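Participant: Make the full structure from the sequences, and use the hints.
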Amino acid sequence: MELGRECLPLLPGVCLVLADPKLSPPDDSSLEKLLDWFKDLQDNGLGLFRHQPCISQLISSICTSKVSDPAIFTFILKLTGLLAATKEDFLLLEEEGHIVHVFVRDSWTVGGLWVDASVRSGWLQGLLNMLKHHKAVDFICGKGFIQEIVRLQNDRSLFVASLANQLSINILNHLTSTKMSCVMDAEGSLGHDWLSVSSEIINGVAEALRSEDDPRILRGLRLVSLVLCQCAEPVTSSLWKEVLDPLESLILQGTESLTQPLISVLQSAVIPVELKRKAVDFILLPLQWTSVEPEDAKELEKSVALKEALSQKASCVSLLVQSLLSLAELAGTKYSFDGISIPSIAGCVMAILKICSGNYPALPLHMNLLTRLIGCWKVQRCGLDALGALSTYEDVFGVLLKYLQSPDSHATVLKKAFQATLSWIAACSSSSDLLQFISQDIFPVLEKRMCDVRWEVRDSALEFITQLIIARNGDVSFSEALHNCGMVFCMLSSLADTEGYVRASAVTAVGEAEQALNQMMTILSQDTEGFPRRAVVKTFTSWLKGSQPIPGLDSTLSTALSLGNKDFDWEVKMHTLELAEVLIEKTLISCLHSNQSFASSEETHVMQGLSKLYDSGLLDLLLNSLFDCDRPVCEKACSLLLRLQTITTECDQNTLVVNVCGKRWEGEVMNRYYNKHKCLNEEDGRTDSDLSLSVLLQMLDLEDMQRTLNLSSDHVVNSPRSLMEDILSVAQRREENIVDCY
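Residues in the sequence shown are numbered consecutively from 4, following this note's numbering.
Keep in mind that the hints were calculated from the coordinates and are not lab data. Small disclaimer: the values here were computed from a predicted structure and weren't measured. Yeah, the Cβ is synthetic: ideal placement off N, Cα and C, and Gly gets one too. Mixed in with the good hints, there may be bad ones.
As the list claims (entries may be wrong) - Taking lysine-lysine and the BS3-like style, the derived pairs with C-alpha atoms no more than 30 Å apart in a straight line are:
#1 25 <-> 90
#2 281 <-> 357
#3 244 <-> 357
Said to hold, decoys possible - Just the calculated beta-carbon pair ranges, DEER-fashion:
#4 456 <-> 709: 49 to 59 Å
#5 67 <-> 714: 37 to 47 Å
#6 159 <-> 97: 28 to 38 Å
#7 545 <-> 611: 42 to 52 Å
#8 160 <-> 459: 38 to 48 Å
#9 398 <-> 160: 24 to 34 Å
#10 438 <-> 517: 19 to 29 Å
Facilitator: So this is what it looks like as structure tokens:
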């Protein structure tokens, strides 16, 4: 929002309206926009409270009123916190008693305000707004607000609870900042103030984790994750020490609703170095249980608890999903598992996958409980994700192939198996046996899956072959194997699939393997669904970008642009404009040398290129799209036309004549711009329907159009003057209505 300092004379009137309990308050969005404006002024050093007495009067009026509206009181809470964000203004507000009257609930003259969630969130947001200096920290800690903030972490309103969490983190960070005098004493140990405040917050978190109320536990887990991610030492270690036992209990319970939040906590704990190993132990515990029996007493005790959790199917599934998802996340971020054998962990994952598929020959006694996982696609899916993320392991192909071949594999499990197979192929790219594995094992599976009754499976198979072709680009032996085994025929057949998503994936696959122009044009002109048509245009763009020329592509592009121009799907039109952008690049941009004048030969080449683009229908496409009903289409067309305008200006190009008559965009151009710009030179003998390209582009006033398109839809409403005038006018109409009713 613009600063709008010139609107300050309207502020006293607006404050009077806000302070009047007889008037309905402006809507919440208007009040928030007003706060945004105040923040702009504060950030630019205006000193709003010092120079605008009406602000102090407004705060006093609301604080002493006995009929304050919750929305206005919430506004005052946030505003006061915003004004108190500098130490100087905080002291001024404190001198006038505003800080205490606004934030200390015992000072409120209106009862019952606290039951409104917006007031509770306003109180927290106000404290967050002011928490920029040590005076604010002293105020919050000194007034006993920490206990209330901890309570609000469990508020029934999720928005209030979230704000309480963030405020707690900010307080901890301020207390541990090196700029705070109370952080360290002369001996380098933590000061009493820090310990008491941080302990109150951390104990509140631990208490939440020990409760039996799932919503409260969830909020506690979210706060643990946030502290681990956003705070530094010694906060993280202090927190981890307090939450370690309740976290371990929660993990071993294997409650499904807590799986994802627990994963977030463990992944956050891996980031601080001191907590890394313990977090990884938690992550790997259920997996390691599948391979070894713990020996020492402590591990045996843990194993008993784990065995009990694994004996129940719901908790067993939740535990393994939690472990496998975390493992995949860590492996995918190249996390170093210090002192842990990756092959051993991969072996555990594979053991679980074999059990799930019913292919584990003889289970150790302690793993018999896991037979309940047979056919469990949730664990299979997560296990395949983990397996794909881990480094190379010799026996993995057998496990993956079993899943790809099994008629009982769930569609999502097959998708994960395809993705894991791609990861392993990439890792084994130097293996001499890889091509044999692909041609003899993978291709037959793909042919079968492309005929699966489930469209999701057919789609996954096509996505896989596309990614495989891209990954093996330049491998002549792979290309020969692909064309000799019948895979290309299967892909071409999929272009006629009954499901639009599958046809779109088939288009992309064929586009990587073949130059099937005729089939592509048939889909672009006849397919009734947007997905395949989008895929065709994207394929043309990919072909045009490529270094290898595609026979017949140039002569087809004109028709493709025309069809994309007329398409009803806005995404097809957007992809067509992207195709046009590459065409312009290929035809013209390569001729231009920035900051250099054109040589005559270059001018000739550009002139020929412009004529070629005009003949291809590109100008029709851009001008039709410029006046399209979808704004993204207009924006893209406008930017491309501006590029053309730059080119025509650079090369002083005025000879290409555009015939306007009969075009779809004729009315728009002439009605909007021709009467305004009397730019037709009658001496050159042209009729109104003939304009040079450079003149036409100048007529459009593209820079102004681009500015208009770039404006957000609420740019007028967001003007401070407009906002304040609206507030005043609503109040005026209210007074008029009161008079009328008498």
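Participant: Now, for every hint given, state plainly whether the structure supports it.
Facilitator: Comparing the hints with the structure gives:
Simply put, residue 25 and residue 90 have alpha-carbon atoms about 35 Å apart, too far for the 30 Å limit, and the pair is violated. Taking the CA atoms of residue 281 and residue 357, the gap is about 28 Å. The hint holds against a cut of 30 Å. With a C-alpha separation of about 37 Å, the suggested pairing of residue 244 with residue 357 is violated against the 30 Å cut-off. In this structure, residue 456 and residue 709 meet the distance hint of 49 to 59 Å, their C-beta atoms being roughly 50 Å apart.
Restraint check, residue 67 to residue 714: a C-beta distance of roughly 43 Å satisfies the suggested window 37 to 47 Å. As the Cβ distance of residue 159 to residue 97 is approximately 33 Å, the hint placing it in 28 to 38 Å holds. Taken as a hint, the range 42 to 52 Å is violated for the pair residue 545 and residue 611, whose Cβ atoms sit roughly 26 Å apart. The hint said 38 to 48 Å for the Cβ distance between residue 160 and residue 459, and at roughly 39 Å that hint holds.
Against the hinted window of 24 to 34 Å, the Cβ-Cβ separation of residue 398 and residue 160 comes to about 52 Å, which falls outside the hint. A beta carbon spacing of about 20 Å between residue 438 and residue 517 agrees with the range 19 to 29 Å that was offered as a hint.
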